[in-house]
Each structure stands twice: as C-alpha cells, then as structure tokens.
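Work out the full structure, taking the sequences as your base and the hints as a guide.
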Amino acid sequence: MSKHVLLVDDDPDFVLSTQTLLESAGYEVTTAEGVAEAKARLSDWRPDVAVIDLMMEEVDGGFSLCHHIKRLDASIPVIMVTAVTSETGLDFGGASGGDRSWIKADALLAKPVRSEQLWRELDRLLKE
Amino acid sequence: MNKLRVFVVDDEPGMRHSIKRGLVNHTVRLPEIESEVGFEFTEADSGEKALEILAEQTFDLMLLDHKLGGITGVDVLDQLRPREPDMLVIMITAFATIETAVRATKSGAFDFLTKPFTPEELKETVDKAAAHLMVKRRAHELAEEKRRVRFDFIRVLGHELKSPLGAIESYLNLMQERVAGAEIGAYDQMIKRSLIRAGGMRKLIADLLDMTRIESGQKKREFSTVDVHAAALAAVEGVKPRADERGIKLAIEHAGAITMEADQGEIDIVLDNLVSNAVKYNRDNGTVTVTLDSDDETITIVVRDTGIGMAPDEADRLFQDFSRIKNEKTRDIPGSGLGLAIVKKIAELYRGRVSVESEADVGSSFTVLLNRHTAPAESENDA
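In order, the protein sequence lines correspond to chains A and B. Numbering of the first sequence is given in the numbering used here, commencing with residue 1 and proceeding in unit increments. Numbering of the second sequence is given in the numbering used here, commencing with residue 1001 and proceeding in unit increments.
Check each hint, because a few of them may be wrong.
Restraint ranges, calculated between C-beta atoms of paired labels, are given here [unchecked claim]: (1) A:30 <-> B:1264: 32 to 42 Å; (2) A:40 <-> B:1234: 40 to 50 Å; (3) A:75 <-> B:1137: 53 to 63 Å.
Computed list of lysine-lysine pairs in DSS-like fashion (alpha-carbon distance at most 30 Å, straight line) [what the hints assert, rightly or not]: (4) A:39 <-> B:1162; (5) A:39 <-> B:1329; (6) B:1162 <-> A:104; (7) B:1329 <-> B:1220.
Everything labelled a hint here was simulated from the structure, so no lab data went into it. Even for Gly, the Cβ is constructed at its ideal location relative to N, Cα and C.
Here it is as structure tokens:
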C-alpha cells in the first residue's frame, strides 16, 4: 500500500513541484496551504509522514503545526522544509540533533529540496 | 532619567564637595532629542588613585584637577588617552596658562574650568559637555536604528529573491529527472509557473533599482514641466497589450492640461505602477479609469479598477516595503511588494500622499496627491 504524505506550504510552487515529485515515486499526497487547513485535514485522518514548510504566513506556523502533529500522534514523522537557513542560523543541511529536538521535527531540509535528499529522509523515517 | 557618571579628581576635599553640591540636583535637558540627564559621582584625591579606579570602571565625564599632589592631571590624561575614547574630560586649573591649556587639549581634554569658579560657571561648563555627550549618543542610536532597518530590508529582500529562484530550481530539477515522463506537454504548468516566478523576480529587481534611485539621492532629480496627462497616456499605452488580452477597458478622464514642475521619471513610475496594478488585479472584461485633476496647489491622480479589491486591514499595510496580499486571488499575479511603497515615497518627495479605498471583489481606487510647488527654485536656471 502506498504511503500517504501530508504536504503543507503556502507557496503553491513548492506544493506543485513536491507533490509531482512524490507522486512520481508512488506516494499518495494530500496538500494544505496553511496551518488551519492542515489541522482541518488532521481532524479525522492521520498521514504516514508530514512535509511542512517552516515559515508559512503565520511566521512560526511550521513550528506550531509540527507540535500539533506530534501531540496528535508522536509516531508520525515530520520533515521540516525551509528557505531561511542563513537567516535562522540553523544548519538544515546536516540538521544537528540539538536543533531537531528543539523544533521537534525528525528531519530538516533546505529549499529547494533535492529529490535524493527527500528519498533518503523518507526511506529512513518510514522504515523506523 | 539617565544619570551621567561623573568622576571628580581633586586633592582638595572642599573642592570635591562643592562640585558635588553644585551638580547633585542639577539636570540637563535637551528637548530636541527628548533627553534629560542627571549626575552621579565617584571621587579620587590623587592622580594615582584616579588611574586605579579608571582601570576598574568607566565614566561619562571626568572633572580633573591639573595640580595634584603626585602626578599631574595632564599625566593622568596621557596615561589614559588610548583607553577612554568616550569619556569627556574637563580640566580644572588654578593657573590658566596657555601652555597648560595647549598640553591638556593635546592630551584629549574637552574643556577647562579656571579656579576659582562660581557654581554657575561649573554648571555652564558641565552642561556643554553633557549636551555634547547626549547628542553624540543620540546620533549613534540613530545610526544603529538606520543600520537595523537596512539590515531588515536586506534580509527580507534575500528571502523574496530566494523564493522564486527556489521554485524555478525545483521545477527544473523535476524536468531534468523527467519526473512526469518524456513528453514536454506534461510540464506545461511547471513552465508557466517558472515564467511567472521569473517575471516576479525581474519586476522586483526593476523596483529595487527605482527605489535605490529615489532613496539614495545620488541621482540628481531633474525638474522640468511634466505633462501628467501625457505620462498617463504612456502608462496606459504600456499596459494595453495585457489589458486587451483580458478584455479590460482603459480610460483617462481629465479637464484641460495637467502640468507640474517635476522629475519626469518619478511621475512615470507613479503612473506606471498604479495603472499596471489596476490591470493586474482586475477581473477579465473590467475597466481601469485614470482621473486627473489639478488646482493651484495640488495635482490629483486617481486610478480606479473593478478588480479583486481587498479588506480594510489589508489596505492598511499595502504601502509598506514588501507588503503583498497573498491569497488564492493574487497567487498567479507577479509582484515585488515594492511598487506601492515606491509610489508612496515619491508622493512624499512632492509633499503629497497616497491613499486607497477598496472593497473586496468590487474594486480599488488609489488616490495620489502631489504638491505642484516643490521644485527647487534654482532648477529653472539649469533648464
């Protein structure tokens, strides 16, 4: 059975490109444009994995959504994606354990996301 | 209220006491920079002791007697100078010789008090030093503030440039990997989106150049008699192909000739931005109306559209740098978020202002008022 991904970003281009990429590899994808829409989807459904943008319109929307997901079900892996690496001082390329535990995400990826990175993280997280 | 830390160095206890008494309830006010300070004191009775204390603490102001028991006040200054650039020193001398004054000034003294001095003379000298310090600090704060605003701007700009580039890269990666197969048609949407984002970047860069030009003041503003109606016609002509594609009608209403002394480039930017927005955010088969009016004082430009409009809270932040309203209606419309900020800055150059009235799904009406008499007088000789 194909794995189901929740994909959340307010940038429609990130959604379209990542959705296309995921579907090409056989994932099923549900998208949401913001925190509210994502929470609505999560009210009666659980994804196998979530890919969410760090900085959605609500500034720290990514953090709050990540916490929300982990509260609903701590076993759902969350991959956090962002374009603001230098600005936050977080090294998303090699995401240290410290940063990960603070954000509560299981992986951090820099935009634009490279497909091989995404496959590596998805393989690792969905195997666990 | 802030207190300036004053260090009183004198070998006569009576002198130290009278300085403190003269200043303890004294304050210095500078209403221009909204600043007021009082004083607090530390004392030393010799140059040696003063240097010891100065190794441990910093002060804003030092009242330093020249003729001390051991080393002199000037000796203290000489040993101190490389370390205390921010402290102002007032030398106290019993013998106001030119030689002492010259030496002390060379060693970094800010001012002098000649013994004996009255409380008024003391206050006057200290006031001058305090005002100097306060103004210097305020200037420093303002420079910091300016630096911070600049830094914020660059940070947001970096993000605004990185987002479209990231989107385009993502699409190109997918195409390179043939994620949707070998048929080019399968990538039409990605190509369309890439072009929209690239167009947005191009507009952002063009707007940035406009903004830099306006803000730097490096490029001389060239005043001449500008035909505002002709500028509006040119702006309308520029957007006509895009308007025609979507059946949007463009009209200019004006009564008689509308001219003003202005920089042609700036007036063009105002009209281009407003007219192009009115088309971009319009509905298909909508209308754009440019209304021009003038009286002795003011040129009024109103650009009205029948487009998507906006909510009042959105209208409030519309004129800030990088403010763009993001929703499903604006998603496919490229924009830098700088256009209206630029219009506002230009309006301010003409002691004017810009405002918007808008209703969601009905349309928006932008009004720019420009004062006709802001041209510098000498520019007429240049022409």
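We went through each hint and held it up to the structure:
no., hint, result
1, A:30 <-> B:1264: 32 to 42 Å, "violated (54 Å)"
2, A:40 <-> B:1234: 40 to 50 Å, "holds (48 Å)"
3, A:75 <-> B:1137: 53 to 63 Å, "holds (56 Å)"
4, A:39 <-> B:1162, "holds (28 Å)"
5, A:39 <-> B:1329, "holds (22 Å)"
6, B:1162 <-> A:104, "holds (25 Å)"
7, B:1329 <-> B:1220, "violated (39 Å)"
In terms of the numbered hints stated before, the structure departs from hints 1 and 7, listed from lowest to highest.
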